[in-house]
Amino acid sequence: MGEHANPVERGSELDQRAQRARSGLAAAVQPEAPPFGAVRARAKRRRHGTLGAAAVLVVAAASVALLADRRTGDAESVTAGPVEGPGDANADLLAPGETRLMSPSPLGGRSTMAVVWTGFEMIIWGGERSDGHLDQGAGYDPRTDTWRPLAPGPLDARNAPAAVWTGEEVLLWGGHSPGVDHTDGAAYDPATDTWRRIADAPIDSAGRPSGIWTGTQMVVFAGFNSTEAAIYDPRRDAWERLASLPGQPMPPNPQFAFSGDTIYGRLMYPADPGEASMRSGVFAYDLAQDSWRELAPLDDGSRFSHLVWAGGELLAVSPGPDGRAARYDHDADTWIDIARWPEDAGEFEVHAWTGRALLLWGGGDDALLLDPVSGTWTTTPAGGIPPRVQPASVWADGVLLVWGGWSDRADGVVVRPGLRTAPSPPPPRPSAEISEQPVPGDPAVWWIDPDEPPSTTESTFTALVSRLGCNNGVTGEVLRPGVVLTDHEVIVTFTVEHDPDGGTCPGNDLVPYVVDLGEPLGNRDLVDGSCRAGGAAATTSHCAEDYEGSVRWRPSG
Amino acid sequence: VAIVPDEELSPEVGDRGGFEAFYRAEFAPVVRLAFVLTGRQDLAEELAQDGFLAAHRRWDRVSVLEHPGGWVRRVVTNRCISSGRRHLTELRLLTRLRRERVAPVELAPADDELWSAVRDLPARQAQVLALVFLEDRAVADVADILGCGQDTVRTHLRRGRLALAERLGLAEGANREEDRDG
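Same order as they appear, the protein sequences are chains A and B.
In this text, residue positions in the first sequence follow our numbering: the first is 1, and each later residue adds one.
In this text, residue positions in the second sequence follow our numbering: the first is 1, and each later residue adds one.
Isolated chain A, as found in the complex (with noise of 0.2 Å):
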């Protein structure tokens, strides 16, 4: 045993208190294992989706992996992809709209470096400095702001890897060295710190490699002056080529988003064949039938886009001075603009979707948030830093972590956006039955009832009440709630009977309770009013921004 953390028998008062606890506890907390097999039967069940919020990412994923299996022909499915869906888990590291500086990573300044998040760590792997190519890679853990190196791995010092983060293991492959265009890969695994090698591609990289894990399997595109891609099976060890694209990516940060199943990429090919003039378009490339379309013209004006999947749309990003933000329309195949580029804005050299805003960020004291829904930009501080050249970024679950971006820029910078304004108070609607004030109690939370969804031609839901407070785990009775309707929101506020004894402080059972809002929901999203600006539970995690926030239903499509 080495160094002793808690030595108690030279104890002071407070390890005499804790050995007395650890006994308590050990007389009080006495679980039983459950079989295990019934913990995977629950897990199994889980995963066919009957259990509300977490269901909807788990049938997500679940979705891509079919699809993805579907496509080899493989039946067994085995899916560890990324699925732990946006989330705010790193939301309370900074209050809204602060910035920190990262403490000084082990890593001298770089560009092009491969760079995942893996729920807990940026790792960040090779890249390029003035001096040459690199082979070194570290961690950096937001919650603690410490960094740690990686192993040393098989790969020789390259930059710009494909880099993708399977739920176990982050996967490299590619990359360019001088003279080199690699074709081999690896896999490094955090929780052990060990790497292996992967097998070699069929096809070479070219230009600066494009990785989508897409839930069981990694497709690489070869870089912006290919048209190859291939997709590697982390199960088998093994590659496939895919369908050519039908144009090269667009130099130098090669676009491409992922919506689930399809993979949308900007590519530019020959305005006529024969021709050296080209032009460029938005493909979509479906998983399941390993084919390519083209969607219809962006008309930006720029190659510059960039492409983001936010939240169930596909939004393109150009900006400059004639930039815009626009949204496809799947159905109608065309694209609605949401917003001018703003005057006066800079370039950026990152984007990140929160969850609910795209965020821009090129350095300096100001990054750009685009709420695609209103069509409105703000600003939120950037960190000070100043602008970087393909820097190291990530969305790591309710922060964006930007480090490096060329020899000189060894820093890096934790920045949380600042949050979306409130909406406006809604007008008042008449109504016998409705008020918008809740009857006066103790406040609580709700969810909805997953065996009983809302329904949008319904003017009743059920809602499950927990109370908010510890009260030894019980809710008590649900008092009338307040509604406010809107046009676009129905805010639900509940309360439950008012305890003055409270209690200690395990969650408090589901209560069962059926809103009658009077009129049918029509296309509105639920929002529990306690986690609004201001609500009682608006800064607890019953409420997390980013992730179910105050939002408990939307309708869908």
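Keep in mind the hints are simulated off the structure, nothing from the lab.
Just to be clear, a hint being listed does not mean it is correct.
Residues on chain A that point at chain B, a partial pick, calculated with CB under 10 Å [unchecked claim]: (1) Arg22; (2) Asp141; (3) Asp290.
The beta carbon of each residue, even a glycine, is placed where N, CA and C say it ideally should be.
Model the placement of chain B on the given structure of chain A, informed by the hints.
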């Protein structure tokens, strides 16, 4: 939320290289650790089950680690403090148990006060103090479990102890660092 392969979920699948024994031996202590960090036995059990499911999926790799139990503790303690993951687990649990009443754990008031104070510490300090106070772990063990450096553990330990002592009105000697080095 992780997707679990069908073949690994099938109840009829047999033991995978000692996993069952590992699960039986480690389940209760891991639940107690999660309880210290969450204050709820039902949620602690749910989070622990998620941790063991994760270990089962990677058992070929986890089983060859020097301390597979440490790997599970890292997963579970991180899930305990990760509000997004915890929220999902909590919602799932609440939905499953919504018509049942969950009896709170009965602790002596002094014990409850101590563990509540641990939970109120910043997340990383709470993880370190939970491992030290509940499992009597050495600094090196804690560093391995949490995947951070020993100096980081010492810093969190020192700050956490001072904060706890102040909150609980207990004496915390000025030379505790020297004691721990012994």
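Here is how each hint holds up against the structure:
1. Interface restraint check for Arg22 of chain A: the shortest CB-CB distance to chain B comes to about 6 Å, inside 10 Å, so the restraint holds.
2. Contact between Asp141 of chain A and chain B, as hinted, is supported at the beta carbon level, the nearest pair being about 7 Å apart and thus within 10 Å.
3. With a least beta-carbon distance of about 23 Å to chain B, the hint placing Asp290 of chain A at the interface is violated under the 10 Å criterion.
The structure shown violates just one earlier hint, number 3.
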